[in-house]
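Engineer: Protein chains in written order, with the numbering used here: chain A, 1 to 150; chain B, 1 to 741.
Because the hints were derived from the structure by calculation, they are not lab data.
Mixed in with the good hints there might be a few duds.
[Said to hold, decoys possible] One side only, chain B facing chain A, incomplete, derived with CB under 8 Å:
#: 1; residue: G238
#: 2; residue: L241
#: 3; residue: Q456
#: 4; residue: Q506
#: 5; residue: K544
#: 6; residue: A559
#: 7; residue: M567
[To be verified] Here are the simulated lysine to any residue pairs, SDA-like style, with alpha carbons at most 20 Å apart:
#: 8; chain 1: A; residue 1: K33; chain 2: B; residue 2: G565
#: 9; chain 1: B; residue 1: K422; chain 2: B; residue 2: L562
#: 10; chain 1: B; residue 1: K295; chain 2: B; residue 2: L207
#: 11; chain 1: A; residue 1: K33; chain 2: B; residue 2: L562
#: 12; chain 1: B; residue 1: K364; chain 2: B; residue 2: L428
#: 13; chain 1: A; residue 1: K127; chain 2: A; residue 2: D8
#: 14; chain 1: B; residue 1: K422; chain 2: B; residue 2: I346
#: 15; chain 1: B; residue 1: K422; chain 2: B; residue 2: G581
#: 16; chain 1: A; residue 1: K125; chain 2: A; residue 2: P107
#: 17; chain 1: A; residue 1: K33; chain 2: B; residue 2: E566
#: 18; chain 1: B; residue 1: K418; chain 2: A; residue 2: G85
#: 19; chain 1: A; residue 1: K33; chain 2: A; residue 2: D92
#: 20; chain 1: A; residue 1: K73; chain 2: B; residue 2: E566
#: 21; chain 1: A; residue 1: K73; chain 2: A; residue 2: D92
#: 22; chain 1: A; residue 1: K127; chain 2: A; residue 2: T18
No residue lacks a Cβ here, since even glycine has one placed at the ideal position from N, Cα and C.
The lines below spell out each chain.
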Amino acid sequence: MNPSRATDEVCSVRVEGTLFGIPIAHVLEILGKPALQPVPLAPYFIGGLVHYRGEVLAAVSLRRLLGLDPAPKPEDVLVFESADGPFGLLVDSVGEVLHVSAADHEPNPSTLENRRQTLFAGAWKLKDQLLVTLDPARLDPMRLLQSLPG
Amino acid sequence: MDDLTREFLLESQEGLDRMERCLTELESHPADAELLAEIFRAVHTIKGTTGFLGFARLEALSHSGENLLGLLREGRLAATAEIVSGLLGLLDRLRSILRAIETSGSEGAGGEGDRELTARLEALQREEVEADLPAPEPPPAAAAPPAPRSPSPRKVSPRRKAAPASGEAGPQRDTPAPLPAAEPSRPEASASSTGADSTLRVEVELLNRMMNLVGELVLTRNQILQATGADARFAPLGRRLDMVTADLREAVMRARMQPVSHVFSRFPRLVRDLAHGLGKHVRLELQGQETELDKSLLEAIRDPLTHAIRNAIDHGIELPAARAAAGKAGEGMVRLRARHEGSHVIVEVEDDGAGIDVARIREKAVERSLIPAARAEQMSDRELLQLIFLPGFSTAAAVTSISGRGVGMDVVRTNVEKIGGKVEIDSLSGRGTTLRLRIPLTLAIIPAIIVRSCGQNFALPQSPLLELVHLHAAEISERIEWLGNAPLYRLRGRLLPLVFLDRLLQQPERSAESGCDIAVLNADGRRFGLVVHGVADPEEIVVKPIAAVLRGIGFYAGATILGNGEMALILHPGAIAQSLGVGLSAETEEAEEHLARPGLEEFLLVEAAGRRRALSLETVVRIERIARSAVEYVDSRPVLRFEKSLLPLDDAAQDLTATADAEAPTTVVVCRDGGRHVGITVSQVLDVAGGQALEEAGSGAVSPGVALLHERVTDVVRLTDLPQLPDAVAAEEQLPAEVEA
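In isolation and in its complexed conformation, chain B is listed as follows (with noise of 0.2 Å):
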């Protein structure tokens, strides 16, 4: 295939995707001049392409779509649900040829079909015309008939203007000319003109080239500004390297970034389909469409996601007759969501159907043992639901029909999984489900602690970390339980399941008793501790695939090369939890219960002075631990400084009048109050849990005061009670003289 040939079906296919996505926005705005032009630039672009490419096929079925989209671009016809099916029609005939052409080199015959589907182009605006004929003074060019076979000068295409000084205008026959009306005006030439001198198109292997070779640039400036750490000379040329690497990078990731958008549009089109062939009325709703992922990753979820999507309207929605029975609106409504979150992208298909039941998942699951009966009984329901992913559970296609979700899902699992992506599901009976997709940013470079195990380095990616808890050596036997064979910590009243990083790797006993650290994890949705023997810093890593040879181990998600050179195993907490049979948190499921009822709002559970207190979780910023001789005064009110900053402190806990030992520590909350921070001294940091306004009984006025927390009233801190710091101070909060004073 020549280059021309293969810019051709490339430009054609963004094109047809294009117009597929402004085709079915069209059947809800029938009068959108913007998204007709659209639509028949492409159809356009097709036909004066095809004529010197010699693809007579296309290029006469593009005839007879182009004259019926002028009409409609002329106001002359209406946008009816029947011209849009046979738009459709003519956009998957172009596609399959284009597809033909890709794979055999020519369009194949076009026989029956293509007279058929010409004849109800034709029809379409043929009756149209008739109907409009009494308007006064139809122009000539509507009302011609359509003259497939009169020959007339072909016209080129503003936009193809540098094709023929390739030489090809070779094949130029003569063809019926587009109608005059029909002639994209100029303005949108020059407009898409400027679009593509701005824009290359570049091949995805360059990229992943660039990609690769910035992440040795990352790895060799890692060792660098480590080799060269202790020189003064080097630091400013140290921090320079490492400014610009940062940047390198992040063009090269965005140069790989493309909106979801590509992948999202053709979903109306599948929605469409599906919905009518099965009877449904289905609304589908596109959130975060200009979310960028890494193309990749991209191609990688757009099979999961058809699937998807096919599920929920298949099984998910119900007939109208049923969701009017239910009391649900008879249009259902699909909502495809995406976000960023951390460093990852959150891709979320949500229905409103009739969900999943969870009884019939943990009946089924029984009888087929994909799980033992007594396991069930402690499953929680969030947990029977991810099985819907066990490759024996969504293939029964008897389970089809009461799992609401269909077959395959196994499919969909294995396939984001491939990417180090997750997925999880969450259904409520009745009221629908949410399929989650939980996609990494990028593949190549993660940000990951190093720690160590046995005097050897493993490099542990920093998503999944919530919080380091450091032991003293001293402190070992008697802050880790055990539980049988189960060794435990308790994190903030809390149990969590501790993994030994060196047992686990049945690494050699470590002889000399030293501290340790305990990562505390959360692994979708997993929570567990993995003790180890040390923790470094930080740092980025790039990840490299480990050999084929030592994937089956199953707890290394790839290596690495770290800054000092060496190499360290990147380790696969999520594959680590499984493999030890830690289960879904319960905690986590009470969260995004609470999350997923309105009214609730989540606090942090604090004690101070013996009191049990509530902080409003959404302002915490962050928790400290300090020294009591760090706070300082101003006009006696104690405050702390860091660098620049003041923040003034409520002394809750009275735990800075308490105790004489200045070096005592204390634990300071610090809170977001409007504009300003705030820091809260307290004795002990307890929970985060869900809670519920209270009502004062009569008035049923919220008391802003209280909340309901474990079933018991507790006091919110009101942040706004906090006085101002003396007005010097308070006036600007970045102010080091005035406390030095």
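Isolated chain A (complex conformation) (with noise of 0.2 Å):
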């Protein structure tokens, strides 16, 4: 088997005008429009708590993370397994699933500015438009923590 004709399953998410794709294998659940309680003091990039299965997570914000304005309105959540134990990615909202070939994967380009060259791993070239890669792994908040201080 010819392993750049494999597809794999992304979750589409938008952030403003951006559309990211998260492979689905690494979606625990995505929770819609969950209630948020802020943080404070929390590092920048810190959306706030949600509430999942009994626990209490921390969640990412995207938009936060690219320095962007708060969500005019309530966001959507992913959920995703770290080492620390599971976290939350807030976004605009969730969209469908999507069939990428590998073959059409490209890696960051070098011209990238920095912040965003460590957030992204490349993106998938669809028909009208791009698809950019988010890897959970790089979301990490413990490793953002130490990748993205300030």
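Dock the two chains into a complex; use the hints.
Structural biologist: This is how it looks when you write it as structure tokens:
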């Protein structure tokens, strides 16, 4: 089997104008517009706390990571697993599941600004637009704390 | 490892733990038949089981131990120190073999060590047997020399009856029979089997899961109670749900509880060995062994306690000669004490050794630049003592000999703090040292009050909360005073440092000025007021760990989900106090000093009708603010009615007759006087102070009506002087009919 023809299922999410894709195998659960509790003094990329199956998770805000304004309306949360337990990712909205081919994937361009270099894992070339690849491992809050201090 | 072996290991280890406890006790009670029976049973059980599991070393060793114990049990031998030492040696060896089996699955090679031990145990019994020979008709069993190799049919201990049924009769080897007299008697066997029938071994993991589920149930209960609160049909159901949940929680928590004796039991041995090794005489006193603590917490305090005891004997207790020179008994004392205090268990390690020289601590701390010299001068003795928990301090080996407490106190503190506990130390030079571990009963569910700051809810654990003070909007600028940049509040005449929660958390400024609340907290001796924007009802909260990424903030002890479904962060008063440099309160120190000195009693100092008076703090039940209109009269005597009970009032402040305004509030101190409660009106509550009884000059008789408080002779209110209520009412305080009549 030719690996370049293998297809992946990717969960598409949207933040402002950008479409992101996260391999569906990484997604533990999608929480639709859950209540969000702010955490004073938290690192800037933490959007707040969300309740997930009896646990209280810290949710990383993709908007804050990208330096965007706060979301105008409630956001959706994707739940991922990390070495320190599950964490959430706040996005504007979760879209449909897309099938992408590894052959259509390209790494980050060298011209991409530094912060996005560390957050993005390349992109898939869709017919009409780019689907930015997100790797949950890069969004692990403990890792962000080290790679993006301040 | 198969189940049978695992069960054998568990059972044997428990048996050995019991044996250790009994052995050390045996030294002081050499003839105690029950102790001997218990020890014998432990060894016998191991021997009985090892045979068909094929552990030859264990079997041979326990056999020689059993022979010796048999003689002891029959009273043919007295338990001398040598014999106890020999048996302790056996115990250690059996333990190390069990450990080897646990890790590698096999016993390992015995070699010379086993042979020596066997020889030692045999020598111990042979000597005595020979010495006993002149005794008339020694029973043949006792006189028979031990014959480890003589083949004879093996008996299976009654406790292990079930084992062969599992098909493992295989490796039955011919082994020496236990001496007939040494077989456990029938009653013993049946007693132990009833014990086994009514108890069950449960995986701790399962209990943890149950505890989590109960936590979820408590949460759901809170939500249901809030959602249905307005509906009358749900009220009885809600109450029932509330009760069942509380009972269930209690039961699951109980299932996880174990008496502290599980940990304490190993210490007599430790103390004995340490003391022998150092040439010191030390008596270990154990108190409150039945106090129960969550199993995981119990495990967590094992090492810190061991360390503390080691230190107490190593560095605290002096050599007999030094003790004699200091006028103390040659035998030192280490007391291990456990008790409940609210939602905590307090475990204390107290010794009557040399104590800690505070001046030297100050010197060393400055020398090692742990604290600036200027600060060291301001610190109280109590604060200075706590410095030994600093990593830089206690690991400094050179300090060991002067601190009297040895190295590694920072490790003790870290371990205890990991489980949400606290450590503190008190010491009087020359008199001894007390190390106090404050352990929460459980980590899972705690009572808390919900406070608001800038519209956000936070949970504040109730245990450090002393009182709440509400300030109206108009009062704030007047009542909160500033000294430089430090906000302060005068609480009964004393300045209380304040912390504004909104500023601490850098929340946006509040625009509209409204009232605020001051939560007066005592976080491990650090007293401060936390200023919040509002206080909601108390709630039992389920503590959820907070995400690792947020732990660095330090002000949060966890997170929780409230009854209304909202999440709230749990505040950590200790960390807040520490980060702001709130010092250990001198007040606490005074209070403890007073308590430490006999003959001192604590009083509530009040002002009544322009005079200072004192009430014994022991008798004070609570302080009430009431409207004057709430006071009723029985035969012209003022009384207060609470639901169905009646409280006679003593109008010491002459407050009830002074003003005509019926709604003006007055303060009533409710006191306990024998079986009854009485109320005393006061104009103002001033302070709590330690007081000394005064003697009449010449006669030396104690004057009960006065005490020396803050160097002033103060009247003590004598509750017994208050007249009883008129007969009809006084006969029974709970007679509402008479009141209304």
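Engineer: Run every hint past the structure and note whether it holds.
Structural biologist: Okay, the hints, checked on the actual structure:
1. G238: 22 Å, violated
2. L241: 19 Å, violated
3. Q456: Constraint on Q456(B) satisfied, holds at 7 Å.
4. Q506: Since the shortest Cβ distance to chain A is 6 Å, the answer is holds.
5. K544: Because about 5 Å separates K544(B) from the closest Cβ in chain A, which is inside the 8 Å limit, the hint holds.
6. A559: Holds - the Cβ of A559(B) comes within 8 Å of chain A, reaching about 4 Å at its closest.
7. M567: Check passed: Cβ of M567(B) comes within 4 Å of chain A, closer than 8 Å.
8. K33(A) to G565(B): 15 Å, holds
9. K422(B) to L562(B): Violated. K422(B) to L562(B) sits at ~27 Å, over the 20 Å cutoff.
10. K295(B) to L207(B): 10 Å, holds
11. K33(A) to L562(B): 19 Å, holds
12. K364(B) to L428(B): Roughly 18 Å between the alpha carbons, so the hint for K364(B) and L428(B) holds.
13. K127(A) to D8(A): 16 Å, holds
14. K422(B) to I346(B): With Cα atoms ~10 Å apart, K422(B) and I346(B) stay inside 20 Å; holds.
15. K422(B) to G581(B): Holds, at roughly 17 Å.
16. K125(A) to P107(A): Between K125(A) and P107(A) the Cα gap is close to 11 Å, so the pair holds against 20 Å.
17. K33(A) to E566(B): With a Cα-Cα distance of about 14 Å, the restraint between K33(A) and E566(B) holds, given a limit of 20 Å.
18. K418(B) to G85(A): 19 Å, holds
19. K33(A) to D92(A): 9 Å, holds
20. K73(A) to E566(B): 19 Å, holds
21. K73(A) to D92(A): 8 Å, holds
22. K127(A) to T18(A): Holds, because 15 Å separates the two Cα atoms, which is no more than 20 Å.
Consistency note: the structure conflicts with the earlier hints numbered 1, 2, 9.
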